[in-house]
Amino acid sequence: MTTPQWFSVRDKNLLLQHGSTDLLALAQRRGALLHKLLNGTSIFEADLTRPLGRICHQDWFQIIENCQQQLKSPELPFLLGESMLHNPYISLCQALLTAPNLAQALRLLHCYRHQIFPGIYPQLLPQSDTLLVGVKAGFAKAPQQFINVAMFSLVQALVKQQFGNNDGLTLLFRSSEHNAAIHHQHHFGCKVLFSQPVDGIKIEKTLLLTSFKRHDAKRFAAARRSCAQLSRILPKQPSLAELIYRQQRQALPALLTAESMASQLELSNSAFRRQLTQEFISFNRLVDEVRQDRAQQLLQQRQCSNKELANLLGYSDEHNFRRAFKRWTGIIPSNFRDFFGLSTT
Amino acid sequence: MLRQHQAKLVFSGLLLTLSAFIACQLGDTKQVFDWLDVLGEGTAFLVAAAWLLLILSSRPHGRVTELLYYGSLCLVYSYFLNLLDEFLHYPDPVRLMSWLESLPAPVGMLVLTFGLVGWHREQRAIDRQLRGRELFLRDHNLIDPLTQLYGLEYLYAVLAREITLHRSNQQPLSLIVVDVAQFSDFNRNHGFSAGDNFLTLLSELVISQLRQGDVMCRYSGDCFVAILPNTSQVQADLLALHLQHCLQQLNKNHLTPEVNCLAVKVAAATATDAIEQAFVELAKLKRSAASQGFKPVAETQL
Chain F
1 MTTPQWFSVR
11 DKNLLLQHGS
21 TDLLALAQRR
31 GALLHKLLNG
41 TSIFEADLTR
51 PLGRICHQDW
61 FQIIENCQQQ
71 LKSPELPFLL
81 GESMLHNPYI
91 SLCQALLTAP
101 NLAQALRLLH
111 CYRHQIFPGI
121 YPQLLPQSDT
131 LLVGVKAGFA
141 KAPQQFINVA
151 MFSLVQALVK
161 QQFGNNDGLT
171 LLFRSSEHNA
181 AIHHQHHFGC
191 KVLFSQPVDG
201 IKIEKTLLLT
211 SFKRHDAKRF
221 AAARRSCAQL
231 SRILPKQPSL
241 AELIYRQQRQ
251 ALPALLTAES
261 MASQLELSNS
271 AFRRQLTQEF
281 ISFNRLVDEV
291 RQDRAQQLLQ
301 QRQCSNKELA
311 NLLGYSDEHN
321 FRRAFKRWTG
331 IIPSNFRDFF
341 GLSTT
Chain G
1001 MLRQHQAKLV
1011 FSGLLLTLSA
1021 FIACQLGDTK
1031 QVFDWLDVLG
1041 EGTAFLVAAA
1051 WLLLILSSRP
1061 HGRVTELLYY
1071 GSLCLVYSYF
1081 LNLLDEFLHY
1091 PDPVRLMSWL
1101 ESLPAPVGML
1111 VLTFGLVGWH
1121 REQRAIDRQL
1131 RGRELFLRDH
1141 NLIDPLTQLY
1151 GLEYLYAVLA
1161 REITLHRSNQ
1171 QPLSLIVVDV
1181 AQFSDFNRNH
1191 GFSAGDNFLT
1201 LLSELVISQL
1211 RQGDVMCRYS
1221 GDCFVAILPN
1231 TSQVQADLLA
1241 LHLQHCLQQL
1251 NKNHLTPEVN
1261 CLAVKVAAAT
1271 ATDAIEQAFV
1281 ELAKLKRSAA
1291 SQGFKPVAET
1301 QL
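First to last, the sequence lines map onto chains F and G. Those letters in the first sequence? Residues 1 to 345, per this note's numbering, in order. Those letters in the second sequence? Residues 1001 to 1302, per this note's numbering, in order.
Chain F with its partners taken away, still in its complex shape (with noise of 0.2 Å):
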């Protein structure tokens, strides 16, 4: 049987001591009880000892939903990424932290992330003298925000600690401020900006290359290797979000339809519909997020008349290009480029 080329909600792809062990200590030591944490998930307490006990990402978004109806702690998510990132049983968090600088680091991540992270997807949106990591969800029900911290969090730690401050990074979240804003101020202690038309991290460039202090080449060539060894057992498989996402990036200013894409992935029509259903995908919205990404994208990078944007993102004429970019952001796109750049300054 080969394997699919992605992966199902319910297909146990995580590693219980990835991430899923850490949580549930963080949250019996503030008084939650664990069989009511696992409660609604196939997870038995005899399974959190099995080394190489594995999770279906259904269950974790359950704990997840769990941990926070049952404690009212919003440092929840800030302590999970920081006790991942020194987690001695994550390979790939070791070799991050013996990594020689930010850019092999985040390289390291991105290739390996599948490991930790496979829910969420990144898109790079290089800008003049940052680097912009856009962060999306591969499932539509999941807490996403609370998944973003914790993965915010783990970078932030990284560049504390290698960098001894975090100044150069800059977290953006797509929420509009709140209460939790204090919290995310104070835990993150870098620039925390809300209501932004992505959810990610902005880092200096300047950052990228400096070498980390605590760069060790010997573990960090173990702790690579480990990660390497671990991907034979945790294939690398996009979510379908993803790999829909990627598919339509890559054939713009085609658009695809859903027929099309099923017979990409050797489906039947309905056997795809199923799939998207069961996922909460909606195939129409996933190709306008392309498409929106992508127009914010070109805008942000280099000067773009309407006509051309329209003609790059498979719109008829500009007018219909105009109508929906305001869908999206509220504002036409000439003002998006001037509130952008009051945005980054």
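Everything labelled a hint here was simulated from the structure, so no lab data went into it. This list has only true hints and no planted wrong ones.
Not the full set, but computed from the structure, chain F residues with beta-carbon under 10 Å of chain G:
(1) Leu26
(2) Ala27
(3) Arg29
(4) Ala32
(5) Gln70
(6) Ser73
(7) Glu75
(8) His183
(9) Gln185
Using 30 Å as the maximum straight-line C-alpha spacing, the simulated DSSO-like pairs for lysine-lysine come out as follows:
(10) G:Lys1286 - F:Lys160
(11) G:Lys1284 - F:Lys160
(12) F:Lys72 - F:Lys160
(13) F:Lys36 - F:Lys72
(14) F:Lys141 - F:Lys326
(15) F:Lys213 - G:Lys1286
(16) G:Lys1008 - F:Lys36
(17) F:Lys191 - G:Lys1286
Label pairs and their in silico Cβ distance ranges:
(18) F:Asn39 - G:Ala1020: 32 to 40 Å
(19) F:Asp317 - G:Gln1182: 55 to 63 Å
(20) G:Thr1200 - F:Ser260: 52 to 60 Å
(21) F:Lys141 - G:Pro1106: 51 to 59 Å
(22) F:Thr49 - G:Ala1050: 36 to 44 Å
(23) G:Thr1017 - F:Thr49: 45 to 53 Å
(24) G:Gln1249 - F:Leu52: 43 to 51 Å
(25) G:Gly1040 - F:Ser282: 46 to 54 Å
(26) G:Leu1002 - F:Asn39: 16 to 24 Å
Just so you know, even glycine gets a beta-carbon here, dropped at the ideal spot from N, CA and C.
Assemble chain G onto chain F, guided by the hints.
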């Protein structure tokens, strides 16, 4: 908690079944039911039964619990017979059922009242236990599960009220900020469970040293803020110094991280500004400590 009270639950169930059985033996079914009465009395019975369950599920064994239990059991019993009354008709010479129906209710009310008085006393004792953790507001949703202190939202709510009160009475109000230096390093070197333990220990220690009327909240992560009502800057400085010394006792073997205690007089008009001002002062203190080569903060203040 409910598991502790199994015997009581079984007893209540048996009592109700037994009386239902006796009632069925004595009376005959009515021809016409008044459904409005059934609804009213049925609701009263169900609510009383729910109260009984809630009491049992939220309280450990003890005198107060017994009083509350027997009082509400009498009420439940009375309401239950009241409800049965709607379906059954008793022959006139039998007075037993009407006594059983009307007597337990007033007795139950009386016992319940004694129980509530006991509960009130108990609550005052618990309030004394909570000294240093709570001021005028109680909302269990805002409690931080690790240190059992109130969190940030509570701090802002209480501080806003205290600022208004103190300004109108022209009394001094101060804050103490307790900040753990390099906490993430400590976490990394000793593990996250050691870090959590340290925070719990720290909060217990600081609370035991605060005066009556002071309240400490967990601002976020490794940072705590204590509100000191009616305290001048001098007094607050002394208290901060005292806390610093206590915490240094904790740090005898240099195994735990350094802790900064800083007293700040509240001059701002809003809670947000006051906290912000306190953190500006803290940052200044940290910078000066760093430039003087990590001398303990208490000494630099002297």
